[in-house]
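Visitor: The chain contents come next:
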Amino acid sequence: MSSATDGMDEIVQEFLVESHENLDQLDRDFVELEQAPGSRDLLASVFRTIHTIKGTSGFLGFGNLEKVTHVGENLLAKLRDGDRVLDGPTTDVLLQMVDAVRAVLTTIEATGVDASCDVSEAVEAVRAVLETTQAVAEPEPAAEADGRDSLGEILVDSGAVSPELVGAALGVQVAGDSRHLGEILADAEVVTDEVLAGALEKQSKKRSAVDSSIRVDVDVLENLMQLVGELVLSRNQVLQLAADSSDADLVRSAHRLDLISSSLQEAVMKTRMQPMDYLWAKLPRVVRDLSAQCGKELDLVMHGRETELDRTLLDAVKDPLTHLVRNSVDHGIETADAREAAGKPRRGTLTLRAYHESGQVVMEICDDGAGIDPAKIGRKAVEKGLITSDELAGMSRRAVLDLIFRPGFSTAEAVTNVSGRGVGMDVVRTNIEKIGGSVDLTSTLGHGTVMRVTIPLTLAIIPALVVRQGEERYAIPQANLLELVRMHPDDPTKGVEYVAGVPVHRLRGRLLPLLDLGGQLGSTSEHRAAATIAVLRSDNNEFGLVVDEVLETQEIVVKPLGAALTSLQLFAGAAVMGDGRIALILDVLGLAGAGNIQHAAASITSSMQDDPSLLAETSALRSLLVVRTDGDRNVAVPLELVARLEEVPVTALERVGSSTVVQYRGDLLPVVEVDQGGWGGGYGVPGQGGAPELEQLGRPATVTLVVYQHRGGLVGLRVSEIVDIVEVPLVLSPIGARSGSLGSLVVNGHITDVLDVAALAAPFGTDHAGYDAATDEEYSRAR
Amino acid sequence: MPADLLTPAGTEAGLDAVQYCTFWVDELYLGIDALTVQEVLRNPGLTPVPLAPPAVRGLINLRGQIVTAIDLGARLGRTPTARRMNVVVRTADGSASLLVDKIADVVQVPRSGHEAVPTTLTGVARDLLRATCPLEDSLLLILDVARVTAFRKDG
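Here the protein sequences line up with chains A and B, keeping their order.
Count along the first sequence from 1, then add 256; that gives the number in our numbering.
Count along the second sequence from 1, then add 3; that gives the number in our numbering.
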């Protein structure tokens, strides 16, 4: 092969890469254009792209490519100049033209020539549209209305020309001069060419990101990364030498080398990262074509385009992502009519979301469609023989939904050419799991489906908190970190309390279970000079991780652990730190699992199943009012329910029907006798004994009432003595639970029942004047 | 079986011998296919991994790549000691480093010079050996690198 053809090959190669990139941009521009058909900017950009391809293809001798881009250019020129407006058919043929260009490029890539490509169909389609006439509706104002600054405005804003001069130039234009505004101003020598060029660049700043980037082969980056790694090691050695040396110049130079190589390392590591947009850029076109094909109307919303992921991982999730999006459009979102009938807006919404969480990249594909019916899935699975109906009966809702990931499963009523041939979801899952990720879905019938793709840390750059434990450093993904609590510097054990031997920390009135990092890592040394609690969250569980020292926060490049270590659940990977040493990255979910954090929460859950409202605050401290009952037992009432403590004369107690009441602030306050019927029985039934008997027993002349709120009204609780107010974690033993009592706990050495005040006051609830549903809700929230 | 043991990973077509990089672990004379060896390092910085299998001595930063260092002695069921020489090998799962006592020569062994591992050999070593090569003055044991570097859950 001669060097001349080599050079030619290189040019062709470059042309192909560039053109493919431009075509992706074109797809996006076209979809955007449909929303804003008047945008001159977009039209000009599209025109430029096609024009470039046409020019280069002529130069390289690709006749067919030139032919198809030429007609495309003609049509685009008309659109750009406002002779036509962009309508549905026009967009269709332009997209057809782009597809033809793409096909030609693929052929060129494979064979080096474009002779075998038949572009006549696309050419004819564009010609047909060109020949139709179209009523043009004032394209000029539309161009102005696209929200971008006109050249005149930019020039005036920058102070280069006065508004009057621009006005005059516009006058010349209106009078029939066909030159552009800039040309008129430049020809009149009002502005210099430099100023004009600057203003034009400003006007087209949308494209500047493309102009300022170059393409680099991934292998080159890989090599660069290796070299930087070597540099860092050498730097470390130089630093070591410098540390032992008294030569001030050497020390200074070494420090400069240190700084520069650190920055270089960081910069090179970042080059491999690419934003999610690299994948997502193609989707608007995919969604547009699909929705048209399926006869659906929908908007595509994307959040987190800038979320960065390693290039190799991006490539790996490309196909699964496209598949999931296709599925959502085809199966998820209903037709406009069906949506309207269901009371939803006609246009469906497909939302893509990407973000870093727990050191992983999460990508969500959410549609607001019909949702997935587990019953239907189950039936299909049984029909297809994937499971037996007995198996189905024993499956949870989640497990049933998971069936769609089984090979050979399809729920589409009709098999379309888009999806639904029973291949897909299982392949998606296999592909994602191949790179160590996971896919799962949640679906609400009638409201939509969320597909959640979790992509592992591997090679992702994440912000992390670096801590020291013993001799080693560990990185905690910032995504899991809520806050840091510094322990008492002199005595780190201060602030750590124990609930049945389990360490906890009081954090603003809540109890935070603690895990000791050293202990979790199998270290035996108990003593620590200082400690900090890193408050972490995983899967809605919060816990504190006690570490020796917090060092810094840093962006780290996550590396996978070798095959020998993948079974360790405490580590999510490892990272090379700035000094060349390695820090292990803690897997917060794994830590929580190893430390029984979830398990503990679950056991409390099961013991308190009877009263779900208490679950939310299980480990939190609660203030309780401890009172002594007439039966000489201690009982406790959650303090936040207590409105007042009152002392009233016994004679004020009166009977109304079967209830005891007292006149209280112009209203009737129902009084609950806490300990009626002696110990051992249930608490409570109000007023059964009644006031006369109380008097007979020769009790004190006054009674103490704990007035508390119940369903918006007040109820008085008759007690014999107020004992104390205590703050304890409300972890109830179910042993004492019975009517009127939520359970028991130990307060100051006494077994104390926690009163279920709601149950005690229930007889008053419904007929109390102040009660309504809203306050009831408020009440349960207050609990 | 012996033919199967010698998958042509280390041989070129037409070449009738395999080159082995050899080293010592205690009194064992071991060899691995020279083509799987990436480099040999002395004493790199090791970052220990808590809770790891005992044979895993730590992690090495090899020019930005993180490589697991495996004490070959411990892997073969011997007591872990402070072995210093790192033989970095390439495997399907990335690189790993084998800690050995002493590096020896590269040895060329004709295909016919390979024998099967004695069937009477039991224990961990049985799984990790591919073949034996009786040399003039010693017995070279050929390791299966993929198995040495991969641990089962219980490993």
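The hints are simulated quantities; they were obtained by calculation from the structure and are not laboratory data.
Glycine included, every Cβ here is placed at the ideal spot set by N, Cα and C.
Any given hint might turn out to be false.
Said to hold, decoys possible - Derived coverage of chain B by chain A (criterion: at least 3 residues anywhere in the stretch with Cβ under 8 angstroms from a Cβ of chain A; other residues may be distant):
| hint | region |
| --- | --- |
| 1 | 22-36 |
| 2 | 54-62 |
Unchecked claim - Partial selection, computed: residues in chain A whose CB lies under 7 angstroms from chain B:
| hint | residue |
| --- | --- |
| 3 | Gln482 |
| 4 | Gly778 |
| 5 | Ala820 |
| 6 | Leu821 |
Visitor: Now tell me, hint by hint, if it's right for this structure.
Guide: So, going through the hints one by one against the coordinates:
Given as covered by chain A, the region 22-36 of chain B fails the check, having 0 residues with a CB less than 8 angstroms from a CB of that chain where 3 are the minimum. For the region 54-62 of chain B, the stated coverage by chain A is satisfied: 6 residues place a CB nearer than 8 angstroms to a CB of that chain, which reaches the threshold of 3. Given hint, Gln482 (chain A) at the interface with chain B, holds; its Cβ is 5 angstroms from that chain's nearest Cβ, closer than 7 angstroms. With its C-beta approaching chain B no nearer than about 5 angstroms, Gly778 (chain A) sits inside the 7 angstroms limit, and its interface hint holds.
The criterion of a C-beta within 7 angstroms of any C-beta in chain B is met by Ala820 (chain A), whose closest approach is roughly 5 angstroms, and the hint holds. A cut of 7 angstroms between beta carbons decides the hint on Leu821 (chain A): the least distance to chain B is about 6 angstroms, and the hint holds.
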